[in-house]
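Number of protein chains: 2
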Amino acid sequence: MGDSLPRSPLAPSSFPQLPVIKGLRLCAGAAGVKYQGRNDVMLAVMDPGTTVAGTFTRSKTRSAPVRDCQAKLGGDSSAGAAILVNSGNSNAFTGHYGQTSVAEICAAVADITGLPEARIFTASTGVIGEPLPHDRIIAQIKDLNDGLDATALEAAAEAIMTTDTFAKGASAEVTIGGETVSIAGIAKGSGMIAPDMATMLVYIFTDAQLPQAALQAELSRLCDRSFNCITVDSDTSTSDSLMLCATGASGVDVSDSAEFSQALEAVMLDLSHQVVRDGEGATKFVEIQITGAVSDAEAKTHGLSIANSPLVKTAIAGEDPNWGRVVMAIGKSGADADRDLLSISFGDVLVAEKGWVSPNYREEDGAAQMTRDEITIKVDLGLGDGTCTVWTCDLTHQYITINADYRS
Amino acid sequence: MGDSLPRSPLAPSSFPQLPVIKGLRLCAGAAGVKYQGRNDVMLAVMDPGTTVAGTFTRSKTRSAPVRDCQAKLGGDSSAGAAILVNSGNSNAFTGHYGQTSVAEICAAVADITGLPEARIFTASTGVIGEPLPHDRIIAQIKDLNDGLDATALEAAAEAIMTTDTFAKGASAEVTIGGETVSIAGIAKGSGMIAPDMATMLVYIFTDAQLPQAALQAELSRLCDRSFNCITVDSDTSTSDSLMLCATGASGVDVSDSAEFSQALEAVMLDLSHQVVRDGEGATKFVEIQITGAVSDAEAKTHGLSIANSPLVKTAIAGEDPNWGRVVMAIGKSGADADRDLLSISFGDVLVAEKGWVSPNYREEDGAAQMTRDEITIKVDLGLGDGTCTVWTCDLTHQYITINADYRS
Chain B
0 MGDSLPRSPL
10 APSSFPQLPV
20 IKGLRLCAGA
30 AGVKYQGRND
40 VMLAVMDPGT
50 TVAGTFTRSK
60 TRSAPVRDCQ
70 AKLGGDSSAG
80 AAILVNSGNS
90 NAFTGHYGQT
100 SVAEICAAVA
110 DITGLPEARI
120 FTASTGVIGE
130 PLPHDRIIAQ
140 IKDLNDGLDA
150 TALEAAAEAI
160 MTTDTFAKGA
170 SAEVTIGGET
180 VSIAGIAKGS
190 GMIAPDMATM
200 LVYIFTDAQL
210 PQAALQAELS
220 RLCDRSFNCI
230 TVDSDTSTSD
240 SLMLCATGAS
250 GVDVSDSAEF
260 SQALEAVMLD
270 LSHQVVRDGE
280 GATKFVEIQI
290 TGAVSDAEAK
300 THGLSIANSP
310 LVKTAIAGED
320 PNWGRVVMAI
330 GKSGADADRD
340 LLSISFGDVL
350 VAEKGWVSPN
360 YREEDGAAQM
370 TRDEITIKVD
380 LGLGDGTCTV
390 WTCDLTHQYI
400 TINADYRS
Chain E
0 MGDSLPRSPL
10 APSSFPQLPV
20 IKGLRLCAGA
30 AGVKYQGRND
40 VMLAVMDPGT
50 TVAGTFTRSK
60 TRSAPVRDCQ
70 AKLGGDSSAG
80 AAILVNSGNS
90 NAFTGHYGQT
100 SVAEICAAVA
110 DITGLPEARI
120 FTASTGVIGE
130 PLPHDRIIAQ
140 IKDLNDGLDA
150 TALEAAAEAI
160 MTTDTFAKGA
170 SAEVTIGGET
180 VSIAGIAKGS
190 GMIAPDMATM
200 LVYIFTDAQL
210 PQAALQAELS
220 RLCDRSFNCI
230 TVDSDTSTSD
240 SLMLCATGAS
250 GVDVSDSAEF
260 SQALEAVMLD
270 LSHQVVRDGE
280 GATKFVEIQI
290 TGAVSDAEAK
300 THGLSIANSP
310 LVKTAIAGED
320 PNWGRVVMAI
330 GKSGADADRD
340 LLSISFGDVL
350 VAEKGWVSPN
360 YREEDGAAQM
370 TRDEITIKVD
380 LGLGDGTCTV
390 WTCDLTHQYI
400 TINADYRS
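Protein chains in written order, with numbering that gives the first Met the number 0: chain B, 0 to 407; chain E, 0 to 407.
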């Protein structure tokens, strides 16, 4: 179905030019797992010394590949690493057969690449509950390994798409001590997107040097303010995986480098926003800025309550400046709020304050904000210093069309 | 907008015949608050000695009438009581003006009915954030009082509708010690319906005798297993109010009467299910039975996670037996689950067990279940004795149509 959906109106004009990440080679191929006539599998192989960090869905029904990746994180990095991803089948809720599929794929990749099985990470995305035809994937591994290339990130991003309408990539380069460090990432995700877990499939690579513990800490910290602050439909995938791999091939140790952290955060924010921009049926990209909450955690609770509200999201789809629904979503969130201290703005238009509509608010000013492709909703609780920004999209007929028909 | 929506395909064939509740008289009228050409206000007046219980939204941005009702519960019941409800405007997030509106309406009702202001309860339902034109309501009170009648429950149910496509009523009669006790209730609600608060506007009357504390305890207990177990769209209203009034006019004390409790529960379940059946855009009524959870609370968490999942609800709309999305919703709920102990059935069709699709499951059997108007999803966690049943509807194009246009 992914192939037939129109490209999101919120998509970037084209896939970005990504830098080569030293120590990384990739290849995409067509295994015919479910989709025909397109690539549906990608292999990434990284040099010895590559450290690997990851965050994953906290779903109690997470998939076999997620469980396998979690178990392998933090292992010996001396031998390098590989990642194999397929689309079209998530290998989730497939019982012991699912674990067998993962084991067989890992064994085959290890055999052909010469890497230890403990350094082979896999992911699967697509329909839940159907057996993964892993033989079709295994049959492609030799060709994938033979075709490995340093410039195949875009092909890899395309191979992992499901209901995505565009391939997602982002990059940054920073100079540290006169040396250039590169970061490049790819992502897939469009529906079954909710925060507070890892999210979707995201692979970020850098040629920086960073020990695994530091790499993991940095990934977790930045994930909380990027991927964990987006939502399309409040539904959390069984397969969400975000991996960050540092090949070290630049020779630059980025421990405690603020520049590197900033660059990595920029890449993660860019990719996470692209996922929202490709939200199923999305026509509006919505940033929700919460300030004045009792704590950052309560700010996030309010932000996600607004971002996940079907009534707020349908109002945005209808270009209706329906701030009453924002009031409703704040009221139901469970976090602290005081009606008379709240203020709400759409973009720069102050809509409500002191427990009621702002005296200078004109409906046409709010309506003008809602006609934009990118909408900002600002809420100040007036209670404390807690802040959070979350991102979401609108809820449209196209979401229903996609999800009443598509078996994911 | 309510007038132009087609009647829900899940609606009962007609409004039920309701018994007369001794000690209760009602009248509906047209104040022109927002809607034209229909009734939009109702007054109920009850005899001296009537005890009044209520549960209300826990929203932090709850409306002025909700706050006023909460403050008045538990007061002296010797003088009787009155309830005045308008539709078209919720008087929520209307600042101090909202409180003034409530006070002026209560003063006018007290003046004309001769009841003390402390026994006048009001509710408003409709658009949030616009000033309530309370003068239009006050102008109708004398006519409403003059027209009070014991048989006007259906007219009252119609007057409080907003996006509802049918008026909702339910009743029961029980014989206790040779005497008949009657219960009759009305409700409105269609969108912005979520549990764990009170819910919507619901008024239940009985001529039973029950002290206020016992009445309140009974209402709260039964609310937790009826109205607090339904959801249309996970969004919680700022105006939710459920009131139960016992006029005592039957002369029958129902303290500790199991028959009365069962009859009251039946009325509350019936009304709560009618709200789901009138869920905005609903074409399927869905009962979700959770068993085998660690606790009843965890069973409810799982049930609501399934019931509120946009992906589950759109799959049901598409008549797709997509049990993978049920697995997803269980996994994300936060409550305990073990993939390999779970079993899932659609109606009597066992779909998944032991961590995977059931070996005897045939897709056509699941698909046949999904073509029904009323669908049962059964989930057994296999962990403990916790159970809960929740009710919801599907998520359709019509929900988007209603909510991308309607200002509620």
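Some hints could be false.
Unchecked claim - Mimicking PhoX-like on lysine-lysine, the simulated pairs with C-alpha atoms at most 25 angstroms apart in a straight line are:
| id | chain 1 | residue 1 | chain 2 | residue 2 |
| --- | --- | --- | --- | --- |
| 1 | E | Lys59 | E | Lys141 |
| 2 | B | Lys59 | B | Lys71 |
| 3 | B | Lys71 | B | Lys141 |
| 4 | E | Lys59 | B | Lys59 |
| 5 | E | Lys141 | E | Lys21 |
| 6 | B | Lys21 | B | Lys59 |
| 7 | B | Lys353 | E | Lys377 |
| 8 | B | Lys141 | B | Lys59 |
| 9 | E | Lys59 | B | Lys377 |
| 10 | E | Lys33 | B | Lys59 |
| 11 | E | Lys33 | E | Lys21 |
| 12 | E | Lys141 | E | Lys33 |
Honestly, the hints are just simulated from the structure, not real lab data. These numbers come from a predicted model, not from an experiment.
Consistency of the hints with the structure:
1. E/Lys59 <-> E/Lys141: Not satisfied, since the Cα-Cα distance of roughly 34 angstroms exceeds 25 angstroms.
2. B/Lys59 <-> B/Lys71: Roughly 19 angstroms between the alpha carbons, so the hint for B/Lys59 and B/Lys71 holds.
3. B/Lys71 <-> B/Lys141: holds (23 angstroms)
4. E/Lys59 <-> B/Lys59: Given pair E/Lys59, B/Lys59 is violated - Cα atoms ~31 angstroms apart, limit 25 angstroms.
5. E/Lys141 <-> E/Lys21: holds (22 angstroms)
6. B/Lys21 <-> B/Lys59: violated (37 angstroms)
7. B/Lys353 <-> E/Lys377: Answer violated: B/Lys353 to E/Lys377 is near 47 angstroms, above 25 angstroms.
8. B/Lys141 <-> B/Lys59: Violated, because 34 angstroms separates the two Cα atoms, which is more than 25 angstroms.
9. E/Lys59 <-> B/Lys377: Holds: E/Lys59 and B/Lys377 sit about 18 angstroms apart, inside 25 angstroms.
10. E/Lys33 <-> B/Lys59: Violated, at roughly 48 angstroms.
11. E/Lys33 <-> E/Lys21: violated (33 angstroms)
12. E/Lys141 <-> E/Lys33: Judged against 25 angstroms, a Cα distance of about 20 angstroms means the pair holds.
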